[in-house]
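Single-letter residue listing:
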Amino acid sequence: MPPLIADYNYWIYILLMMIGLYAMLAKNNLVKKVIGMSIFQTAIIVFYVSTGAKHKASIPIIAHGHGHDVVETAIDFTHYANPLPHVLMLTAIVVSVGTLGVALAICLGIYKRYNSLEEDEIQEQLQ
Amino acid sequence: MIWQLDICILTLIVICAFATIMVKDLLSAAIIFGAYSFLMCLLWTEMGSVDVAFTEASVGAGVSTVLFFAAVYQTTRRVGSRKSGRKLSKLVALMATLLTGLVLVIAEADFPGFADPFSPASLHVSPYYITQTLHDTNVPNIVTSVLADYRGYDTMFETAVIFTAGLAVIAILRSYTGVDRRKLPRRYIITEGYPDTIIRFIARQLVPFIQLFALYVVAHGHHSPGGGFQGGVILGASFILLAISYDFNIVKGIMSEKMNVLLGNIGVLVYAGIGFACLLLGANFLDYSILSQILPATDKVMARSHGMLGIETGVAIAVMAIIVSIYLNIVSLGKYDKGL
Numbered sequence: 014m015p016p017l018i019a020d021y022n023y024w025i026y027i028l029l030m031m032i033g034l035y036a037m038l039a040k041n042n043l044v045k046k047v048i049g050m051s052i053f054q055t056a057i058i059v060f061y062v063s064t065g066a067k068h069k070a071s072i073p074i075i076a077h078g079h080g081h082d083v084v085e086t087a088i089d090f091t092h093y094a095n096p097l098p099h100v101l102m103l104t105a106i107v108v109s110v111g112t113l114g115v116a117l118a119i120c121l122g123i124y125k126r127y128n129s130l131e132e133d134e135i136q137e138q139l140q
Numbered sequence: 008m009i010w011q012l013d014i015c016i017l018t019l020i021v022i023c024a025f026a027t028i029m030v031k032d033l034l035s036a037a038i039i040f041g042a043y044s045f046l047m048c049l050l051w052t053e054m055g056s057v058d059v060a061f062t063e064a065s066v067g068a069g070v071s072t073v074l075f076f077a078a079v080y081q082t083t084r085r086v087g088s089r090k091s092g093r094k095l096s097k098l099v100a101l102m103a104t105l106l107t108g109l110v111l112v113i114a115e116a117d118f119p120g121f122a123d124p125f126s127p128a129s130l131h132v133s134p135y136y137i138t139q140t141l142h143d144t145n146v147p148n149i150v151t152s153v154l155a156d157y158r159g160y161d162t163m164f165e166t167a168v169i170f171t172a173g174l175a176v177i178a179i180l181r182s183y184t185g186v187d188r189r190k191l192p193r194r195y196i197i198t199e200g201y202p203d204t205i206i207r208f209i210a211r212q213l214v215p216f217i218q219l220f221a222l223y224v225v226a227h228g229h230h231s232p233g234g235g236f237q238g239g240v241i242l243g244a245s246f247i248l249l250a251i252s253y254d255f256n257i258v259k260g261i262m263s264e265k266m267n268v269l270l271g272n273i274g275v276l277v278y279a280g281i282g283f284a285c286l287l288l289g290a291n292f293l294d295y296s297i298l299s300q301i302l303p304a305t306d307k308v309m310a311r312s313h314g315m316l317g318i319e320t321g322v323a324i325a326v327m328a329i330i331v332s333i334y335l336n337i338v339s340l341g342k343y344d345k346g347l
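Here the protein sequences come in this chain order: P and U. Under the working numbering, the first residue of the first sequence is numbered 14, with each subsequent residue one higher. Under the working numbering, the first residue of the second sequence is numbered 8, with each subsequent residue one higher.
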């Protein structure tokens, strides 16, 4: 494949990031903004996991690595995907559910007070 | 990696992302977002990051969707203002988005090639982790050994962040007014829930097996995809299933507010406590190899493996309690009276 198309994961991450950013900026509904934030988060995760991918590499679990028949051959690091971005993104996903909970709680608090999730209606009541 | 499959999944992901922000109904948006997360999970598996895929399947496609449902249940499905206008601000937002996209596209020219085994990100510390994990810790799942041992500080503070998020949700939503304790139904008496016998029966029978699976995921995370975060989320999801389809009050009785905060605390304390135990024995913080002095029949390598199991258990307890706490607060608007 030509190099521009071979980097398809990077193009998709840029596209997803733009979708998320647009939703956060332009959407009038607060829950839609939260969804946009989640899309933005997954776009960053796509980017990180893409940097850890390797051609013809296996999952980052050492083959025959436990039990009594542990192979004593040298391990080639190009055979396994880079585990470091996976670790960082694994915790980022679990933290994202925490931030999602806080964001939705704030949305519910706003709804309880202003009886609306639309930004301009809330602004109207504030003035 | 099979690039044809990648392209198919990525196309579907972009379609789902567009659909979920364009659709005019919040419940539909939540369901499409669940599908989006599930496709993401397929993409991670395809790129070889099975642990991330496992987490995304349990968190993104599972718990996040339920949280959106709970939020929509307490508010409204309506999208779209009664007023019209805002054309100008949308244009400005579009311009800002396009500008950001342009900057990112220009920056992309400097990235290393996709899936290059010799890109800088794959040459710094990760070769050491991959080649030495069996020798150092006897744990074949490199993600677990990096998560719990080599970069244990990061994970400890991530756990603390989750605990803080749980406390923040309680601080924002919890309201004590308007609930008369004498009028609350008694524990273990089925009072509400979806009145379908089949669904209730199946959900009740399923819960122990889900919890057993979650414990397996925690304990077997050293050798297979999984670990404390995934197992904790699955444990929390089993309680959420019980609350949705069986009875809200039973879950509220078992996992009361006090219990959730206590368990969240205990989880973080187990993590930090193991770190301090290493410190007291004379090694660095979270250097588990010193634990071989107090654990019976372990050498320094196995002590690191056991230390990881200990902190994964702490993470699982904290994550479970906080997930349940966030759900209970959002679905009942902080009143703890009734659920979905």
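If you're looking for bench data, these hints aren't it; they were derived computationally from the structure. Built from N, CA and C at the ideal position, the CB exists for glycine as well. One or more hints might be untrue.
Said to hold, decoys possible - Lysine to aspartate or glutamate pairs mimicking EDC-like chemistry, simulated, CA-CA at most 20 Å apart: (1) U/Lys97 / P/Asp20; (2) P/Lys69 / P/Glu132; (3) U/Lys94 / P/Asp20.
To be verified - Per label pair, the in silico range of CB-to-CB distance: (4) P/Trp24 / U/Pro303: 20 to 28 Å; (5) P/Asp89 / U/Gln11: 49 to 57 Å; (6) U/Ile273 / P/Leu139: 39 to 47 Å; (7) U/Trp10 / P/Leu139: 44 to 52 Å; (8) P/Ala87 / U/Ala26: 29 to 37 Å.
Status of each hint after checking the structure:
1. U/Lys97 / P/Asp20: Violated: lysine 97 of chain U and aspartate 20 of chain P sit about 31 Å apart, past 20 Å.
2. P/Lys69 / P/Glu132: violated (48 Å)
3. U/Lys94 / P/Asp20: Cα-Cα ~35 Å, so violated.
4. P/Trp24 / U/Pro303: 20 to 28 Å: violated (55 Å)
5. P/Asp89 / U/Gln11: 49 to 57 Å: Check failed, 27 Å falls outside 49 to 57 Å.
6. U/Ile273 / P/Leu139: 39 to 47 Å: holds (42 Å)
7. U/Trp10 / P/Leu139: 44 to 52 Å: holds (51 Å)
8. P/Ala87 / U/Ala26: 29 to 37 Å: violated (48 Å)
In the structure shown, a violation is registered for the earlier hints numbered 1, 2, 3, 4, 5, 8, in ascending order.
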